[in-house]
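Asks: As they're listed, the protein sequences go chains A and B. For the first sequence, the positions run 10 to 255 when the numbering used here is used. For the second sequence, the positions run 12 to 203 when the numbering used here is used.
Think of the hints as simulated: they come from the structure by calculation, not from any bench. Note that the structure is a prediction, hence the values are computed from the model and not measured. Quick reminder that beta carbons are idealized off the backbone N, C-alpha and C, glycines included. Mixed in with the good hints there might be a few duds.
Straight line, CA to CA, 20 Å or less: simulated EDC-like cross-link-like pairs of lysine to aspartate or glutamate [what the hints assert, rightly or not]: (1) B:LYS186 - B:GLU140; (2) B:LYS112 - B:GLU65; (3) B:LYS186 - B:GLU154; (4) B:LYS112 - B:GLU159; (5) B:LYS186 - A:GLU167; (6) B:LYS112 - B:ASP62; (7) B:LYS112 - B:ASP61; (8) B:LYS112 - A:GLU167; (9) B:LYS112 - A:ASP181; (10) B:LYS79 - A:ASP35; (11) B:LYS186 - B:GLU159; (12) B:LYS186 - A:ASP35; (13) B:LYS186 - A:ASP34; (14) B:LYS79 - A:ASP169; (15) B:LYS79 - B:GLU140; (16) B:LYS79 - A:ASP34; (17) B:LYS112 - B:GLU67; (18) B:LYS186 - B:GLU152; (19) B:LYS79 - B:ASP61; (20) B:LYS79 - A:GLU81; (21) B:LYS186 - A:GLU32.
Simulated coverage check for chain A against chain B, where a stretch passes if three residues somewhere in it have a Cβ under 8 Å from a Cβ of chain B [unchecked claim]: (22) 57-69; (23) 77-84; (24) 238-248.
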Amino acid sequence: MTQSDPLPEYDLLAGEFVLGLLEGDDLLRVRGLLARDPDFAERVLQWEERLAPLVADAPAREPPAAIWPRIEAAIAPSRDPEDGAGAELVTLRRRLARWRLTAGFSAALAASLALLLVAGPLWRQASDAPPPRESPLLAASIPIADTPLRLALTYVPERDQLSVSAAGLASDGVHDHELWVVDGEGGLHSLGVVAPGEEARFAVDPALAPALHEGARLVLTREPLGGHSEGEEAGPVVAEGHFTAI
Amino acid sequence: MSVGADPASAAREALVAAIGRVAAGERAALEQVYRATSAKLFAICLRILDDSREAEDALQDVYVDLWKSAGRYDARRASPISWLACMARNRAVDRLRAGGKVRAGAVPEEAAHHLADTGPAADDLIETEQRNARIHACIDELETRQREAVRSAFIGGATYREVAQAQGVPLGTMKSWIRRALARLRNCIEGA
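All chains, please: the whole structure from these sequences, using the hints.
Replies: Right, dumping it as structure tokens:
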């Protein structure tokens, strides 16, 4: 399989990734490889195959009956006959439901996401250019003030998907952190509320995609629980960084 | 991929087909996957999180994730149960880390064995029993400190930094132990 491997380090890196040992810049680099290098992705799958038995050997245990209905609720509705604004609203609501249930978030976060989603159409009006095709992958590793923690971001332009890893970031119970991209005029556009300790995937509004490019400035602000309120100024900046093409 | 008439490969093929239908947005197929795999994946979540409530939430995350990402599954490249097992492992570890409960020290070998096996026989899903036995044998051949590091990362959710700290060695030392362990594992499992 990989016997005559010219790059053994590369294969071991895939193993380290599957074991979950990597963090910070190493993790960012590997995520980049995973997203764009099919050979590396293949090696990751091979390591998953090799290591899965380490956890999969526990005796099967039937989960409580209440779990399936919760999953069913989280993925519903899968289809809506309406189109146009109605369908969009349903999509947004569904995304919201998924968010809430996927990460087990608070109602406060759900409310802030509602604001975020409602704000979406405004960005759409403001933007003109469609996102460029075949854009490079963007990554940012944002050190968080006064802590050894970093917020790791990866943006895959083709999928309008931003993944945010906030491992280690703890909630103080009274504040949330909100992530923003700064446009050319210095205007802030919310990308969402970052859940402490979670790894989350944000669907980026395609209209906002042009603002996500190499060198784009990102700031993390401290906000009341649930994120900033519409019409209010953003809270104090606690961290900032830039996207780098990888 | 071998195609056979035995129950294990039939179960595997049914599972692969169901994941394909989940990718196409068929909710009934997600339920089918859930019925076939949830006892196995719940056991994984419980083993990692050691907390029923957390494990239930992690299990829910896994299937909601699957609903969104089933299109990424490629049956030519990965067995469905290993792929799902790693998804469950990753979601459970996300929760473990979020709760600050990473286990960087030795992870008990038989952590899940005190749990009654109340689920249906899901072992037919693990179509490669021999391969699994081989993997365990290969793990057993590692030096104790290497084996503990591998297990505390994969099961305990510990990063390099945390494993090194728990075992009281410099980061660089831990990295070389793990890399040697991975290389040995690969050679052992692939039958070199």
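Asks: Tell me the numbers of any earlier hints that the structure contravenes, in ascending order.
Replies: Checked against the structure, the hints that fail are numbers 1, 5, 8, 10, 15, 16, 19, 24, while the rest are satisfied.
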